[in-house]
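K.L.:
Chain residues, written in single-letter form:
Protein chains: 2
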Amino acid sequence: MDQIAYVNGSFVPLTEAKVSVLDRGFLFADGIYEVAAVLEGKLIDNASHLARLERSVGEIGLALPETVERIQEIQRELIARNHLVNGMVYLQATRGADSGRDFAFPKDVKPTLVMFTSVKDIVGAESAKTGIAVITVPDLRWVRRDIKSVALLAQVLAKQAAAEAGAGEAWMIEDGKVTEGGSSSAFILTKDDVLVTRQNSTAILPGCTRKAVVALAEERQLRVEERPFTVEEALAAKEAFVTSATVFVQAVVTIDGKPVANGKPGPMTDRLREIYIDFAKATAQ
Amino acid sequence: MDQIAYVNGSFVPLTEAKVSVLDRGFLFADGIYEVAAVLEGKLIDNASHLARLERSVGEIGLALPETVERIQEIQRELIARNHLVNGMVYLQATRGADSGRDFAFPKDVKPTLVMFTSVKDIVGAESAKTGIAVITVPDLRWVRRDIKSVALLAQVLAKQAAAEAGAGEAWMIEDGKVTEGGSSSAFILTKDDVLVTRQNSTAILPGCTRKAVVALAEERQLRVEERPFTVEEALAAKEAFVTSATVFVQAVVTIDGKPVANGKPGPMTDRLREIYIDFAKATAQ
Chain A
142 MDQIAYVNGS FVPLTEAKVS VLDRGFLFAD GIYEVAAVLE GKLIDNASHL ARLERSVGEI
202 GLALPETVER IQEIQRELIA RNHLVNGMVY LQATRGADSG RDFAFPKDVK PTLVMFTSVK
262 DIVGAESAKT GIAVITVPDL RWVRRDIKSV ALLAQVLAKQ AAAEAGAGEA WMIEDGKVTE
322 GGSSSAFILT KDDVLVTRQN STAILPGCTR KAVVALAEER QLRVEERPFT VEEALAAKEA
382 FVTSATVFVQ AVVTIDGKPV ANGKPGPMTD RLREIYIDFA KATAQ
Chain B
142 MDQIAYVNGS FVPLTEAKVS VLDRGFLFAD GIYEVAAVLE GKLIDNASHL ARLERSVGEI
202 GLALPETVER IQEIQRELIA RNHLVNGMVY LQATRGADSG RDFAFPKDVK PTLVMFTSVK
262 DIVGAESAKT GIAVITVPDL RWVRRDIKSV ALLAQVLAKQ AAAEAGAGEA WMIEDGKVTE
322 GGSSSAFILT KDDVLVTRQN STAILPGCTR KAVVALAEER QLRVEERPFT VEEALAAKEA
382 FVTSATVFVQ AVVTIDGKPV ANGKPGPMTD RLREIYIDFA KATAQ
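As you go down the protein sequences, you meet chains A and B in turn. Take the first sequence: its letter number 187 is residue 328 in the numbering used here, and every next letter is one higher. Take the second sequence: its letter number 90 is residue 231 in the numbering used here, and every next letter is one higher.
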């Protein structure tokens with residue numbers, strides 16, 4: 142059965158869901174996106190995603206074409222129409238399609254809103270049991286990585302390099318430190334049992350799952366340090382993992398082919414994954 | 142009359158020209174573009190644009206869906222179908238639309254090719270007589286600016302800032318030096334009659350019009366230095382100008398509100414503009 146997508150007010154089969162070639166998302170990457178997980182038909186940590194959406198569009202002076210309340214209604218309608226149990230809802234807002242192509246913002250053009258779903262068993266993912274390999278690549282991205290824009294070519298190239306190396310993620314390196322993964326936040330657990338993840342700044346995306354995991358860890362009296370770390374620190378750590386809306390908490394077992402600790406998912410990672418899944422289910426809406 | 146666009150093998154009205162919401166140009170800015178000028182129905186410096194297109198797609202591992210010879214045929218057919226006399230042909234190739242959204246390159250997906258035209262009297266543009274104001278903004282772009290990708294959000298924000306300031310271009314500044322304009326190359330003519338423009342590297346796009354202007358200047362025994370320059374140097378210069386396929390050679394008369402020399406287009410800029418237009422007409426195809 143064909144998936145149903147949402148495009149500017151209409152629910153249409155995904156295979157027929159289209160935008161103008163003049164859409165500024167297509168011509169200029171002039172748009173913002175979010176991905177929210179779905180468990181048992183309910184949205185996970187969605188208020189956090191919608192708050193970040195509002196922040197991102199504000200940073201580029203883009204007015205959403207719908208209220209976030211209405212966006213959440215559409216997310217739910219898409220879940221229902223697609224009978225989605227476990228997976229994700231993707232949403233993208235762009236500055237719309239003008240009658241031609243000009244860099245400066247167009248006037249009197251309605252922004253574009255596109256949404257669609259995909260199926261994924263995030264909780265039961267095999268990679269959660271095995272952990273993933275990570276490679277490192279230079280961080281080629283622009284200066285405002287705190288804005289969740291669709292200008293993702295650097296991340297595409299990073300994650301393609303990972304795929305070609307048989308790895309599940311690429312950690313991006315700048316000034317000798319890990320910034321984050323191509324589509325995830327990076328964490329380590331040091332030998333002193335301190336969880337380390339880079340502090341939010343313009344250098345990284347403020348991860349929603351990252352934020353929730355830090356809060357859940359601190360509630361449990363775990364020591365968390367928000368600071369950059371090196372690959373050497375990660376390789377000397379007890380554990381390493383990544384977080385994102387589409388993997389939750391995911392062990393990293395090798396970096397550039399070298400094992401992290403014994404090369405298996407660590408107990409703290411597994412525990413944080415369970416804690417996050419419990420939180421997700423308890424707060425799903 | 143509606144403009145005719147080209148989308149993946151078909152000529153369609155521009156208002157009906159669409160791509161899938163899953164197109165990687167829309168989702169990831171995973172695409173490359175070029176803009177070639179048209180004078181009197183003929184393409185200007187097009188071999189240079191197509192060579193740069195081939196280089197850009199190669200740098201991101203994207204196979205063009207058509208040969209450059211066929212692309213040039215389509216450019217010409219679009220000019221004919223739209224009865225275009227003076228203006229531009231835009232073309233964009235993306236990595237196509239897969240059945241879902243995944244960062245790594247999709248397999249067995251045909252790249253997208255979109256092309257359309259627009260009308261502009263480049264030779265007779267009023268701004269060529271008056272010159273333009275330029276503002277400066279920090280260069281927020283990614284590391285590989287030599288690739289002409291559609292990940293243009295930083296340029297959009299730069300040129301919007303210029304538009305809001307009533308300026309015609311934004312010069313992007315990095316480490317105290319001008320990299321280039323939001324959609325043009327930057328030149329100055331020093332007090333010693335040396336033309337200065339930044340050397341090609343990953344820090345700037347290798348401008349086709351920049352290249353032609355440098356070659357035309359050198360043929361005429363003008364002294365050209367390819368090196369970065371500061372805004373202070375530009376303000377102390379005899380003349381400043383920008384080059385691009387859609388403005389050719391365009392005088393810069395103020396920078397951040399301060400006049401360059403007497404605040405009027407200079408004679409060398411006017412002369413290089415004439416020389417470029419002569420070259421363009423003589424080599425148009």
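Careful, some of the hints might be misleading.
Each pair may be met inside one copy or between any two copies, as identical chains are not told apart.
Claimed, not checked - Calculated pairs, SDA-like style, for lysine to any residue (alpha carbon to alpha carbon, straight line, at most 20 Å):
hint	residue 1	residue 2
1	Lys251	Thr343
2	Lys248	Ala306
3	Lys399	Thr331
4	Lys332	Leu155
5	Lys261	Gly182
6	Lys270	Glu315
Just so you know, these hints were derived from the structure itself, not from any lab.
K.L.:
Look at each hint and say if it fits the structure.
P.N.:
How the hints compare with the structure:
1. Lys251 x Thr343: neither (28 Å within a copy, 35 Å between copies)
2. Lys248 x Ala306: between (45 Å within a copy, 16 Å between copies)
3. Lys399 x Thr331: within (17 Å within a copy, 54 Å between copies)
4. Lys332 x Leu155: neither (48 Å within a copy, 61 Å between copies)
5. Lys261 x Gly182: within (12 Å within a copy, 52 Å between copies)
6. Lys270 x Glu315: neither (30 Å within a copy, 45 Å between copies)
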